[in-house]
Amino acid sequence: MCRMNTLIKNAARNAVSVNGLRKAYGEKVVLDGVDLSIGEGEVFGLLGPNGAGKTTMVRILSTLVQADAGTASVMGYDVRKEAETVRSVIGVTGQFSAVDDLLTGEENLFLMGRLLHVPLTERRARTAQLLERFDLVESARRTPATYSGGMKRRLDIAMTLMGRPRLIFLDEPTTGLDPRSRYTMWQLIRDLAADGVTILLTTQYLEEADRLADRIAVLDRGRIVAEGTPEQLKRRIPGAHILMRFADAASLDAAARALREGSRDDNELVLRLPNEGGIRSLRDVLARLGDGVAVEDLSIHTPDLDDVFFALTGNPSKEQNQ
Amino acid sequence: MTALTIAIQDATTMLGRELKHTLRFPLLLVSTILVPVVMLLLFVYILGGPIGHGLGDAAHGAPYVDFLVPGILLMTVASGCGPTAINVRIDMTGGIIDRIRAMAVTRGALLAGHVGGSVVRTLGAATVVTGVALVVGFRPKASVPDWFAVVGIVAAFSFALAWLSAALGLVAKSVAGANGSTLPIQFLLPFLSSTFVPADSMPAGVRWFAAHQPFTTVVESLRALLTGAPVGSTPYLALAWCAVIALAGYLWAQVAFRRGPR
Numbered sequence: 000m001c002r003m004n005t006l007i008k009n010a011a012r013n014a015v016s017v018n019g020l021r022k023a024y025g026e027k028v029v030l031d032g033v034d035l036s037i038g039e040g041e042v043f044g045l046l047g048p049n050g051a052g053k054t055t056m057v058r059i060l061s062t063l064v065q066a067d068a069g070t071a072s073v074m075g076y077d078v079r080k081e082a083e084t085v086r087s088v089i090g091v092t093g094q095f096s097a098v099d100d101l102l103t104g105e106e107n108l109f110l111m112g113r114l115l116h117v118p119l120t121e122r123r124a125r126t127a128q129l130l131e132r133f134d135l136v137e138s139a140r141r142t143p144a145t146y147s148g149g150m151k152r153r154l155d156i157a158m159t160l161m162g163r164p165r166l167i168f169l170d171e172p173t174t175g176l177d178p179r180s181r182y183t184m185w186q187l188i189r190d191l192a193a194d195g196v197t198i199l200l201t202t203q204y205l206e207e208a209d210r211l212a213d214r215i216a217v218l219d220r221g222r223i224v225a226e227g228t229p230e231q232l233k234r235r236i237p238g239a240h241i242l243m244r245f246a247d248a249a250s251l252d253a254a255a256r257a258l259r260e261g262s263r264d265d266n267e268l269v270l271r272l273p274n275e276g277g278i279r280s281l282r283d284v285l286a287r288l289g290d291g292v293a294v295e296d297l298s299i300h301t302p303d304l305d306d307v308f309f310a311l312t313g314n315p316s317k318e319q320n321q
Numbered sequence: 000m001t002a003l004t005i006a007i008q009d010a011t012t013m014l015g016r017e018l019k020h021t022l023r024f025p026l027l028l029v030s031t032i033l034v035p036v037v038m039l040l041l042f043v044y045i046l047g048g049p050i051g052h053g054l055g056d057a058a059h060g061a062p063y064v065d066f067l068v069p070g071i072l073l074m075t076v077a078s079g080c081g082p083t084a085i086n087v088r089i090d091m092t093g094g095i096i097d098r099i100r101a102m103a104v105t106r107g108a109l110l111a112g113h114v115g116g117s118v119v120r121t122l123g124a125a126t127v128v129t130g131v132a133l134v135v136g137f138r139p140k141a142s143v144p145d146w147f148a149v150v151g152i153v154a155a156f157s158f159a160l161a162w163l164s165a166a167l168g169l170v171a172k173s174v175a176g177a178n179g180s181t182l183p184i185q186f187l188l189p190f191l192s193s194t195f196v197p198a199d200s201m202p203a204g205v206r207w208f209a210a211h212q213p214f215t216t217v218v219e220s221l222r223a224l225l226t227g228a229p230v231g232s233t234p235y236l237a238l239a240w241c242a243v244i245a246l247a248g249y250l251w252a253q254v255a256f257r258r259g260p261r
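Heads up: the sequence lines are chains A and B, in that order. Numbering that gives the first Met the number 0 puts the first sequence at residues 0 to 321. Numbering that gives the first Met the number 0 puts the second sequence at residues 0 to 261.
These are computed hints drawn from the structure, not numbers from a lab. Treat the numbers as computed from the prediction; the structure is a model and nothing was measured. From the three backbone atoms N, C-alpha and C, an ideal C-beta is built for every residue, glycine too. Don't take each hint at face value.
Here are the simulated distance ranges between beta carbons [as the list claims (entries may be wrong)]:
hint, chain 1, residue 1, chain 2, residue 2, range
1, B, F147, A, E121, 36 to 44 Å
2, B, F147, A, D67, 52 to 60 Å
3, B, L122, A, K80, 26 to 34 Å
4, A, D177, B, F147, 57 to 65 Å
Could you build the full structure based on these sequences and the hints that come with them?
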């Protein structure tokens, strides 16, 4: 009985739970049995390359598309049977700009307020508040045609927030943005998370998921191939390494003798060492190197998305041999 | 709030958005006015002479312009189809449609806004076109109740064609395709009706089609009302056609909308 209660409680605390979700478009299988759960207040990163099924996942959870099989619930409501209720608790910012180009920024927000039946005075206050928060006050009376990519994205998310959703889907929120806008967007997402909003974020960038998400799932060809905190995932991924560059061949030789591992490139005068142990192994490498060897340049490389996919999904040529 | 008041409120919101769009981007409205006006001038000043002489009894002794203008009003309604299909298609192309579909907004509100906007635009365009017609010599003999009937039929036909255009816009694969698919409504059907010449002057095969298709019924009812001829049951028949087209377009549009953008 006690165990039963715990189970129910856990179920209620899930903002999203997905079981055995499948979706195919004709012959093409997009989601091939996905299980997923996101706790309330969590920032969850769905990481994967183009065509992995990230957008389809978001479209199913936001009631835009129906799954072929499996179940999905959002805030405890079934996305198929209780779609209307689901829509009232979520906010969606899709991959493509969903702002009205012929209305001004302010009118776009106001339109959302009207469609959400926010009372007039509150609608006005909330519009002003969101314009302020998303740094759009000066461009409020202009149409998005004159906005930069980053401004359009900010308006897009501001529109999503008009209804005070408890769960927000952000489908590749920084794709196509310049570095500065990307940084601003990250800060905005962190602020949302601080307000206690649950966020499902899809991204192609490991760095982005790493910086923002409490938990990450890696989606590849319609399957979740790994799930965990960013730290847990990174530990599973080989590919972290140190690159050392030397001024001359003699120094490179000396370093290679002292370390007795890694791979050397005599043309570039570069030594590459695996660095799975983080700072601890870096310290070890430097200790073994001693003071006698002059290193011109040293850089630490953490795994990128390519490494993740080689590690988690296997080399495509290897797969063919199996 | 009841479901109905919410639905009306949502549809009104969308209508407001659509009218704002028209004001911000008036080009489509201008084309809706320009096409019938050019047709009017073309047929009154260039082609109308010999046609008018050949009309005989069909014009009930009135000048050709009086025969023509009801048909031009019909063309005004028909030329509103292009912008409606285009606007629906543009909405489906952008991300805004997904945003609205993922919100707890009354399902049909977006399309209702487009259809309402289309009717308002068409009535505006028809007013301008009627003004031009009066300038070039159109002398209607309609009474005040007749005028109300004319406005009612124009609005009803516009409403019907707008649902059909919305459906065409939803199933079109591109914006250009959306406009293209309305061209038969804009040009082919008006020409193959008694818009410019009476149906019984046409070759046998076409004559039967022209005499029985809805455009002829609508234009005949407008013509009778505006020239003061006996109207008989044609206005009712015209409204029945409007109801059938509106219902078919509405159902088609609902199915296409539910299927979502491509």
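Each hint tested on the structure:
1. B:F147 / A:E121: 36 to 44 Å: Since the Cβ atoms of B:F147 and A:E121 sit about 42 Å apart, the hinted range of 36 to 44 Å holds.
2. B:F147 / A:D67: 52 to 60 Å: holds (54 Å)
3. B:L122 / A:K80: 26 to 34 Å: For A:K80 against B:L122, whose Cβ atoms are near 43 Å apart, the range 26 to 34 Å is violated.
4. A:D177 / B:F147: 57 to 65 Å: Roughly 59 Å apart at Cβ, these two residues keep to the hinted range, so it holds.
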